[in-house]
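Enquirer: One letter stands for each residue in the lines below.
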Amino acid sequence: MQSEILLRWIVLVPLLGAALNGLLNRRLSKQISGLLACGAVGVSFVMSVLVFLRLTGMEPESRLVQDTLGTWMHLGAFRVDLTFAMDQLGAVMALVVTGVGFLIHIYSLGYMAHDDGFQRYFAYLNLFIFAMMTLVLGGNLIMLFVGWEGVGLCSYLLIGFWFNEDANASAGKKAFIVNRIGDFGFLIGMFLMGTTLLPHLGAGEGVFNFQVLHAHAGVLAPVATAVCLLLFVGATGKSAQIPLYIWLPDAMAGPTPVSALIHAATMVTAGVYMIARLNFLFVLSPTALAVVAAVGAVTAIFAATIALAQNDIKKVLAYSTVSQLGYMMLACGVGAFSVGIFHVMTHAFFKALLFLGSGSVIHAMSNEQDMRVMGGLRTRLPITYATFMAATLAIAGVFPFAGFFSKDEILWKAWSGGNTLLWAIGFLAAGLTAFYMMRLVVLTFFGENRASSEVRKHIHESPATMTVPLIVLAVLSLVGGWIGWPHFMGGGSWFEQWLEPVFASGAQIGAHGAHTGVATVDVLVQNAQMNHAAAEALHETGVEWTLAVVSVLWAVLGLVLGWFVYYKRATIADGFKKAGGGFVYRLLLNKYYVDEAYDAAFIRPGYRLSRSVLWKGVDAGLIDGVLVNGSALAVYLFGSVLRLFQNGMIRFYAWTFTIGVAVFVLYLSFSS
Amino acid sequence: MEITLTHYLVLAGLVFITGMVGFVVRRNALVMMMCIELMLCAVNIVFAAFARLHGDGGGHVFVLMNFAVAASEAAIGLAILVEIYRRRRTVNVDDLKTLME
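Those protein sequence lines, which keep their order, are chains A and B.
Here the working numbering = 1-based position in the first sequence + 69.
Here the working numbering = 1-based position in the second sequence + 2.
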């Protein structure tokens, strides 16, 4: 009974930390401020672990802890409760968010030690944890949306943290606006869901409550495709998928630990979480799932190619994040929601580590982010180098690092689901990932140092507050995947088993929907069964083994190639640029000119429209011209007519008065 | 010849028109005030005539009230006129146009 109450404090303690840090701000010393912020997240993590332990003690089918604070709104049949709920999926997300969040808080103590906005920074960071926990523990879609917007706000605040530089503030605005475009789709999807569902509900049922949505998924089947696609628009914004991924690379303007926490490990996975949470809806619409899978796969390869040519260390990692998020979407799209969440978790470990490692490098290089002037840091930053290598092997998918298990599982699900094309795209992107990560490592840690002597003198390993989180995350990047050790390798796929009740019920809904006469669902269920059978067949022939070995070899090939091209034969890359590859290189360096294309297609027309129609036409013309000046002109004209009567001539008044009375009397006399 | 209601009404009408025309055409404020009194008087005649016709005292009450109104109006009006005359040395209303501004 304790854990129900704990649930609200998991969410509220970080808010308390944010409030104290935000309101007292400079009145707190840096020590107290940091202690408060880290303590709040630490407490939240410990409580998450406690609730998680309680969940493990329950029956697998009934693993759910709920804490209702009260009713938020109750308008007729529409009802929203302030409910926090933790099931298997929520537990995984809560542990990852608070756990990785705690490590990044600790790291920030060192990284932000000399910053003037120390207290403000930790206030934002705690506020972010609060919003993210609302997102993952909210018991209904409205609470999820509150968290969804909350993390967007925190992202905006933290990207523009150093707001005295215009570029940072612009990047913050870009992130916020692009996210808002996605949220618009999300909102419309929710409206559609609500209006469809409300007439079918009994009294007192919260319409957006996940269990209620779950139970009435059959009602939503006719609009499932539209709803899911609209929700997916929201997911493309938050989880940086084509076409709304453009904000994420620019989000690197914020402090590096923020990039690690928000723009790699947690917030950007919100879209994946949302899709996994609403899996029972998405399985009703094969079309929506196909779109999710296709967008995910294309994003994975698209972003991976851009990452090949970037020179800013954080930009490479940012595009790598976009690419990895594509994998997660791909997993959700082929119906392997648990694998998608598995990749969310492993990615949180190694991508947070990569960003924190790059932060350590940037810190050592006196805030230099261009890899072209780095190099040779291996000996100067041994801990950073060792942990960074662990993360690189993990993201490349080398056995037995965490990334191998999740990425291989995703590719396997794509293959076994019969989507050979999606598998091929994912496979290709995996090789590119290994290649560009090796390029990054070589340029940063190997060869001669290319920095100026000034900078070179100051290169130093980071303090313990920064290296300890690196080491912890490195260990997690190594062992974190083992909880998903697959069956065919003699493991138990424990992670998948843990999440199974959440997603198995989605399949049941599919079956339930079939009873309500939805043909597509029938087909889907049959497909799933066939796929399952096919998977079994493949399993027996050892295809799974073959694919796993091939993908590890592929990753190693990518790494070796990267090593060869950028270290052994450093001239190859230049030769490629000269020998006709310059066009490709420039295309990648400039990110396929997508920003420029959006600029030409949306921003400039939008600007012109604003200028000519909205400003000159509506504002200056209609509002200023017609409404403001027009009303004044009308009063003026009316007044100048009336002024003729106000001439001071008493006899004129008398005349008009007399004539008026005469007309009135005559009218009365003859009208009857 | 018997004097009927019509006679009273015709008389009242003549008096009223005299007052009205006088008020409109004359420029002397004093005369204009006298014309106002004439119009009020015409109304009084009508009241009295109808009161007599219906044998109802209500008309007489109105006549008395009209006297009171006329008296106070004349008192205030004359006071204003005297004051205007002291300042302007004229009571010609065509010269008194300062209220226009």
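Hints may be right or wrong, so weigh each one.
[Said to hold, decoys possible] From the derived model, a few chain A residues whose C-beta atoms are all more than 12 angstroms from chain B:
1) Arg95
2) Leu164
3) Trp231
4) Thr489
5) Glu523
6) Ser700
7) Ile719
8) Arg720
9) Phe721
10) Tyr722
11) Ile728
[What the hints assert, rightly or not] Partner residues are not named here, just some residues of chain B that face chain A (Cβ under 8 angstroms, in silico):
12) Glu4
13) Phe18
14) Met22
15) Val93
Quick caveat, the hints were computed from the structure, so don't treat them as lab data.
Nothing here was measured: the structure is a model prediction, and the numbers come from that model.
We put the CB at the ideal spot given by N, CA and C, even for glycine.
Enquirer: For every hint, state whether the structure bears it out.
Expert: We went through each hint and held it up to the structure:
1. The Cβ of Arg95/A lies farther than 12 angstroms from every Cβ of chain B, with a closest approach of about 62 angstroms, so its non-interface assignment holds.
2. The beta carbon of Leu164/A sits about 83 angstroms from the closest Cβ of chain B, which is more than 12 angstroms, so the claim that it is off the interface holds.
3. Annotated as non-interface, Trp231/A keeps its C-beta farther than 12 angstroms from every C-beta of chain B; the closest such distance is 63 angstroms.
4. Listed as outside the interface, Thr489/A is consistent with that label: its C-beta sits roughly 94 angstroms from the nearest C-beta of chain B, beyond the 12 angstroms cut-off.
5. The claim that Glu523/A lies off the interface holds: its Cβ sits roughly 80 angstroms from the closest Cβ of chain B, which is beyond the 12 angstroms cut-off.
6. Consistency note on Ser700/A: stated as away from chain B, and its beta-carbon is indeed over 12 angstroms from all of that chain's, at 26 angstroms minimum.
7. The Cβ of Ile719/A does not lie farther than 12 angstroms from every Cβ of chain B; its closest approach is about 4 angstroms, which violates its non-interface assignment.
8. Non-interface status of Arg720/A relative to chain B is broken: a Cβ of that chain comes within 12 angstroms, the nearest being about 6 angstroms off.
9. Phe721/A, annotated as away from the interface, has a beta carbon of chain B within 12 angstroms; the closest lies near 10 angstroms.
10. Distance check on Tyr722/A: its Cβ comes as close as 10 angstroms (rounded) to a Cβ of chain B, failing to clear the 12 angstroms threshold; non-interface status is violated.
11. Not every Cβ of chain B is farther than 12 angstroms from the Cβ of Ile728/A; the closest lies at roughly 10 angstroms, contradicting the non-interface assignment.
12. The beta carbon of Glu4/B comes no nearer than 27 angstroms to any beta carbon in chain A, farther than 8 angstroms, and the hint placing it at the interface is violated.
13. Restraint check, Phe18/B versus chain A: the minimum CB separation of about 11 angstroms is more than 8 angstroms; hint violated.
14. For Met22/B, the interface hint holds, the least distance from its beta-carbon to any beta-carbon of chain A being 6 angstroms, beneath 8 angstroms.
15. At a threshold of 8 angstroms, the smallest CB-CB gap from Val93/B to chain A is about 11 angstroms, leaving the interface hint violated.
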